[in-house]
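Trainee: Build the full structure now, drawing on both the sequences and the hints.
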Amino acid sequence: MTRSLDAAVRPFEGIVAEHGPMVMRVCRALLGPADAADAWSETFLSALEAYPKLRPGSSIRGWLVTIAHRKAIDHLRGAARTPQPAGDLPEIPATDPAESSMDDELRAALDALPAKQRGAVIYRYLADLSYAEVGDLLESSATAARRSAADGIASLRKRFSKGAKR
Amino acid sequence: MTDKQIIDHLTNAFAGAGVDSDGRLHSRLAALAEKQGLLDVSYRTVDSPLGLLLLAATGEGLVRVAFSCEDHDAVLARLASDISPRILRTPRRLDEAARQLDEYFAGKRRAFRVPVDLQLAHGFRRSVLEHLRRIPYGVTQSYAAVARAAGNPSAVRAAASACSHNPLPLVVPCHRVVRSDGTTGEYLGGPDAKRALLAMEAAA
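In the order they appear, the protein sequences are chains A and B.
Residues in the first sequence are numbered consecutively from 5, following my numbering.
Residues in the second sequence are numbered consecutively from 186, following my numbering.
These are calculated hints, taken from the structure and not from any lab test.
A quick note: this is a predicted structure, and the numbers were derived from the prediction, not measured.
Think of the CB as a built atom: it goes at the ideal place given N, C-alpha and C, for glycine as much as any other residue.
Please note that a few of the clues may not be correct.
Said to hold, decoys possible - Quick list of the computed label-pair ranges, beta carbon to beta carbon:
hint: 1; chain 1: A; residue 1: 78; chain 2: B; residue 2: 190; range: 27 to 35 angstroms
hint: 2; chain 1: A; residue 1: 154; chain 2: B; residue 2: 245; range: 51 to 59 angstroms
hint: 3; chain 1: B; residue 1: 319; chain 2: A; residue 2: 78; range: 48 to 56 angstroms
hint: 4; chain 1: B; residue 1: 219; chain 2: A; residue 2: 154; range: 43 to 51 angstroms
hint: 5; chain 1: B; residue 1: 189; chain 2: A; residue 2: 57; range: 33 to 41 angstroms
As the list claims (entries may be wrong) - Okay, the calculated bits of chain B under chain A, using three or more residues with CB under 8 angstroms as the criterion:
hint: 6; segment: 213-223
hint: 7; segment: 271-283
hint: 8; segment: 376-386
Mentor: In structure tokens, the structure reads:
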């Protein structure tokens, strides 16, 4: 039998190229711009370490988002607060100066959501996971994840529309 | 405002900048991976008169040079299964090899001084490659002579096969091996590439 080009033999570079922007969106949504770059690097470093042992056929997207989810929790708990000495590593700009205030407002509204709704919105719409995968991450059912995501979006729409009218 | 518009705005609000393979975030990931011993194969591409070349290295040294006709994506997939899938595009680690190749094509370099990793060749093939490294610039040798020098005079076909499966063309100069009748013979990069290299070295 010939070996197929399954996940286990795909060069890791391809994983970073395909999913890097998605993981960055998730990290920025979970942590804000200052910690997002660190969480992104930590996520892909952990993934790189575990990658040769990843079961063929696994959902790469779900696997990466699960790692990012854990890294974000570590960051929020301050467990990952032992900063790596920067050394000769390139600096990452913490914020993008060209961001619009509309984006700021939306981010503030997302942060203000109850935890489950916020998580469901991020994992469903920014990571594009299935409701079953979102449910696993949030320790609830697919049905509950679907409801949380819908409630979250409805609440954002309300808050954002109100803010935009001002 | 519709749900769809809210979702589109969300995606834009958190767009991930700087994660492309030339971005700083990617460079930082590659540097951290190397520091933690998690980078098994690094690679980059380099322009040459023979087209785009893929260069790949392990911690030991240059492990693969590939012509574009070999399909770089397929070559990387092979490296992932033959060596390790922990592969990242890391131009810096291959700058020296790229520079020496540039000099070679500019006619300013006659020998490559970069560490090589011959792990992709085994047994007799490896002996052939070890011998090829000693054929000087501008000199050609027959497949029969190479078989003899590699320790098995009757293995002329195997010697030819070792040359056509050379994982490090150019740097391990299999293009300097020609048929006994003087014709150039086959080459990974195509017969035209081989003729061009031999002509370049003869003229220098």
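Trainee: Hint by hint, where does the structure go against what was stated? Just the numbers, ascending.
Mentor: Violated hint (a single one): 8; every other hint is consistent with the structure.
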